[in-house]
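S.K.: Using the sequences provided together with the hints, build the complete structure.
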Amino acid sequence: MNTQFVGQPIRRVDGRLKVTGGARYAADFNLDEHVYAVIVNATVGLGRIVSIDQAAATRLPGVIAVISHLNAPRLAYHPHKGAIDPATGERLHVLQGDQVRFYGQPVAVVVADTLDQAERAAAALSITYAAKRPAVDPSASDTTEIMAEASKGPKAYYPADTARGDADAALATAPVRIDAFYDTARENHNPMEPHATVARWDGDRVTLWSKTQFVVNEQAEIAAIFGIPTENVQVISPFVGGGFGTTLRTWSHVTIAALAARQVGRPVKLALTRKQMFFTTGHRPRSLQRVALGATPDGKLTSIVHEGRGETSRYEEFIEALTAGTGFMYSCPNVRTQYRIVPLDTGTPNHMRGPGEAQGMFALECAMDELSYELGIDPIELRRRNEPEIDESTGKPFSSRSLMPCYDRGAELFGWAQRNPAPRSMRDDREYVGMGCASATYPVLFSPTRARARLLADGTAEIEVAASDMGPGTYTSMTQVAADALGLPLDNVRFSLGRSDFPPAPPHGGSQTMASVGSAIRAACAAVLEAAARNREVRPIEAEGSAQRDPEVAARFSMHSFGAVFAEVGIDSDVGTIRVRRALGVYGAGRIVNPRLALSQCTGGMVGGIGMALMERTMLDARDGRLVNAHMADYLMPVNLDIDRLEAHFVDEEDPHVNPLGVKGLGEIALVGMAPAIANAIFHATGTRLRNLPISIENVLTA
Amino acid sequence: MLLFTLQKAGSPEDAIAAAQAGARYIAGGTTLIDLMREEVERPERLVDINALPLKDIRVEGEDLVFGALARMSEIAAHPDVLRLQPLVAESLIEGASPQLRNMASIGGNLLQRVRCPYFRMHDAACNKRQPGSGCTALDGLNGGHAILGTSEQCVATHPSDVAVAFVALDATMRVRGPDGERSFPVEELFRLPGDTPHLEHTLLPGELILEVRVPGGAHARQARYLKVRDRASYEFALVSAAAALEIEDGVIRTVRIACGGVGTKPWRMRACEQALIGRPPDRANLEAAAKLALEGTRPLAHNHYKIELLPRTIARALEMAGELA
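Just so you know, the protein sequences line up as chains A and B, in that order. Per the working numbering, the very first residue in the first sequence carries number 1; after that it's consecutive. Per the working numbering, the very first residue in the second sequence carries number 1; after that it's consecutive.
Please keep in mind that the hints were generated in silico from the structure rather than gathered at the bench. Among these hints, one or two may not hold up.
Claimed, not checked - Not close to chain A: a few residues of chain B, all C-beta gaps over 10 Å, as computed: (1) D123; (2) S151; (3) G180; (4) P185; (5) L203; (6) S233; (7) G250; (8) A315.
To be verified - To be clear about the criterion: a stretch of chain A counts as covered by chain B if any three or more of its residues have a C-beta under 8 Å from a C-beta of chain B, and this derived list gives those stretches: (9) 253–265; (10) 575–585; (11) 620–632; (12) 636–649.
Backbone N, C-alpha and C define an ideal beta-carbon position, used for all residues, glycine too.
M.R.: Structure representation (structure tokens):
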């Protein structure tokens, strides 16, 4: 493999566009004669719309249409489930009936000449409801957990129940055990760019300039909803201003934009407000978990029990990897996992960076830390004593696993040896200082992908894939891969993405873009070189290539990334302020295509982990399901002053099995492990174990 | 947003005349525009006072005087403020974000509206927004709300940081209205919610804030502001404390304490001050005095932690001030 550019810290090829404002995001697209749509959201958490009085709104200047279930056309809503849609249940049908399923559900849309006029008219709409009290708290007695249809049976991707040995019996007789409950908060993704769609119809064809991490799915979903052929929908999404998973699904506002544009016969621009993003674009579900560990006095695990519950909506069964890492992280003869979901009167959750792993590994890794204190064994040593030879949940070898090398390198870089193992033993002036560590993991996904490569007469090349770049640097890394594959300088390669008429790519999520899109580009480049060698006259000449995981290899290996995360916190001895003084992650993530981008992606994920650990929590008022802090001033996320020294390092790891590029992906694992490392450091600093996220000053003071 | 008319005032007289005719003053607009976009504030007329000559920051003897239109960022960075009134500068820097501080005027800061989330939601009852409609926060999510000065009608916390410093330092303000000028302590600007939470301040119709005067002195130079919150910037205080100390011969001669995040207005802690006069500023004395701040506190369902946090914050702020010596 030619690696002139792959592996180099190349600067972002689109950096200049971004910093000069030349990069066009969805709402930046302005079409001739376009008008504005503003969504009106339900102000009750459950019930029915009784009446909509639109007389006053309709009379306001500039108002073109007020569309609600009373006058909206019935949409086809043909069955369609993309790779990221919940397997069970049916998506929200918007403006099709009077039922209100959750607070903030879209109940009407106002279209007007200007944004101001549309906002004003939206506020002037008078809607009455017959409201009932919604159930929004998964820990309350008015909720019932269920087993998700898609998690039933041993072949399920996220099985509801797994077991090897007899974990409960082994726990009962374990010489040393810990048994604890963990609670992680509901979170919202909050990317910087709001969701937006500009929709234009030309006859029975619609073009959507839309924020999405998955253009071909948006195309298929809108085609299904409107009952038109897939090829009649074109989705264009050249830039995505952060996603973290929220733009993987095609949410109701995209349908509303298209519906409104068709109704008024003009292009429509619709951008969600920050508040609206909390209502209808998914969230990381709250989790309630129990982890019990049994061990011998010398620290050998004899039992792991992991029971987890996550939120879902009433109309779809959202499942994620809550207990997925537990079976293979450590060597243990007796393991039982249980995963249930709790339907609530909220919108459907969706994947958020490290979906499931982030919460599940929080519980498991805090439990391991608790066990280390119970045993009086260093937490890294405890993990070493339980390092498995193979994936004991499947019996397969790991394609590669660098967990202990990550710990060893991290311990050295972090100065773990300076840690006094006794809790509440380290102080720096007025701060109690604590050091904690935790393991991180994420599977190595690789989905079927196609790519197109074209050689031009001027010696340059064009590469096209319906991929996405929400910030990790897809534009840059794919340019590196193609330049190497074609033997061209970087400047001679133009990589384009974000169009549904390009060869299809999998969701830009699950840390699989580098593996999937990169491998397909390599294949397309090889194909076009071959074609060009056969035919030296014709230019431009193009070829397509595809890539997917070899099922035979997939059957042989267990493929995951691993990492070790270290955090040092300072807790103010008087007022309980929690400060992450420094953090460091070491990852075994296969080949690193661009160390500069990889570092940026990892520190970004660590910041997300700090948010999860200490700040992020979407708060719902149990009386009516109202989101109380749907505002950037009230939903806390870290700011610059909260971020001190962050480091990310990568151990050398060659894995020929995962994919042709030997990459494992970084997006998710960069967040996983940070929250437990911080929580464990807080215990070390204070001697108080806090098991609910986020951990706030209030928790530190009143524990 | 509702339509409104905007006029520019060339003089205080113009501005006051416009206000008498029903216009609302607008300076930095950091609160008002935000709330107008949400239609929580619905003025039909605005009068832009930014052209008025009320921007100066000056020293008069030991006192500092801030024109009402001086920006938070200008005051915070002013060398005389840093020299004579470090508490004022620190409280300003701890407030809002750089962007907001560049826009927000000191007069507007004092009149900013509360951060209670229900106040900002039309579909939630709020006595402040709509008198008589009820208080959603009383039995709602009220972790950020007040434990002092509350009523059955309103439990919202006053959000300003610099107002806490002003109240601690016995700052006064000069205002001009249709009937002329008057001066009064900044502390008297704020009303308790009582049965009329929609009335937040004591300005008379048409009155315009001209300036704020902060008396100087040894204690003002030895003063700190401690703001406790879950993120390091751009968050309102869970609890904050302004503390000013003058220590002579090892005992406290002058002390000023006021707190934010706990009251429906900036809360002066006079009982704590009394307990410290004449005593050495040792940790035990500071802690004992700080506990007196809890008198009369009434926690709600979700803000009990403020009972724990309040005295700790006061003691620590006093200690920080003492270390400046």
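S.K.: S233/B clear of chain A by more than 10 Å, beta carbon to beta carbon?
M.R.: violated (4 Å)
S.K.: Would the non-interface assignment of D123/B survive a Cβ cutoff of 10 Å against chain A?
M.R.: violated (4 Å)
S.K.: Report holds if the minimum CB distance from S151/B to chain A is greater than 10 Å, and violated otherwise.
M.R.: holds (21 Å)
S.K.: Verify that the Cβ of L203/B lies farther than 10 Å from every Cβ atom of chain A, and report whether the claim holds or is violated.
M.R.: For L203/B, whose nearest Cβ neighbour in chain A is about 26 Å away, the distance exceeds 10 Å, so it holds.
S.K.: Was A315/B rightly flagged as not at the interface, with every chain A Cβ beyond 10 Å?
M.R.: violated (7 Å)
S.K.: Say whether it holds or is violated: P185/B keeps its Cβ farther than 10 Å from all Cβ of chain A.
M.R.: Consistent with the label, P185/B stays out of reach of chain A, its closest Cβ about 29 Å off (over 10 Å).
S.K.: Are all beta-carbon distances from G180/B to chain A longer than 10 Å?
M.R.: The claim stands: G180/B keeps its Cβ more than 10 Å from every Cβ of chain A (closest is about 39 Å).
S.K.: Can you tell me if the stretch 620–632 of chain A counts as covered by chain B, using C-beta to C-beta distances under 8 Å and a minimum of three residues?
M.R.: With 6 residues closer than 8 Å to chain B, the stretch 620–632 of chain A meets the three-residue bar; holds.
S.K.: Within the stretch 575–585 of chain A, is the number of residues with a Cβ closer than 8 Å to a Cβ of chain B three or more?
M.R.: It holds, with 5 qualifying residues against the three required.
S.K.: Please verify the coverage claim for the stretch 253–265 of chain A: does it have three or more residues whose C-beta sits within 8 Å of some C-beta in chain B?
M.R.: violated (count 0)
S.K.: Confirm or reject the coverage of the stretch 636–649 of chain A by chain B under the rule of 3 or more residues with a beta carbon closer than 8 Å to the chain's beta carbons.
M.R.: holds (count 7)
S.K.: Verify that the Cβ of G250/B lies farther than 10 Å from every Cβ atom of chain A, and report whether the claim holds or is violated.
M.R.: Holds, since 23 Å exceeds 10 Å.
Violated hints, listed in ascending order, are 1, 6, 8, 9; each of the other numbered hints is respected by the structure.
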